[in-house]
Amino acid sequence: MADVLVRNVSDEVMAIIRSTAAEQGETLQGRLSRILEEWAMYQRRQTALRQTAARLAGQPDQPLSDEEHEALLDEMKATIDLRWQPDPGTR
1 MADVLVRNVS DEVMAIIRST AAEQGETLQG RLSRILEEWA MYQRRQTALR
51 QTAARLAGQP DQPLSDEEHE ALLDEMKATI DLRWQPDPGT R
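The UniProt record's numbering applies: residue 1 is where the sequence shown begins, and numbers increase by one.
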């Protein structure tokens, strides 16, 4: 795993992250890692949505071929499987 150093984070932002981590029973490092992982998964989903929108742009409402359908389902499953962990705060 990579190490990351973030400088010049405001005291207000750090206080929010620390209090959220404490409420969730997480360490500061654990909370920051989870924030980054969730952001990365969000970006991956956004990319998949943009790619899907680009493929569908200007096309009439046509059903996907079996291969396209399977590829779309595989991409969706890969995105979900990478980080499907319930938020401890929602239990």
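Bear in mind the hints are in silico, worked out from the structure with no lab data behind them. There could be a bad hint or two in this list.
[Unchecked claim] Each computed DMTMM-like pair below joins lysine to aspartate or glutamate, with the alpha-carbon atoms no more than 25 angstroms apart: (1) Lys77 - Asp66; (2) Lys77 - Glu23; (3) Lys77 - Glu37; (4) Lys77 - Asp61; (5) Lys77 - Glu67.
Tell me the hint numbers this structure goes against, listed in increasing order. Violated: hint 2 alone.
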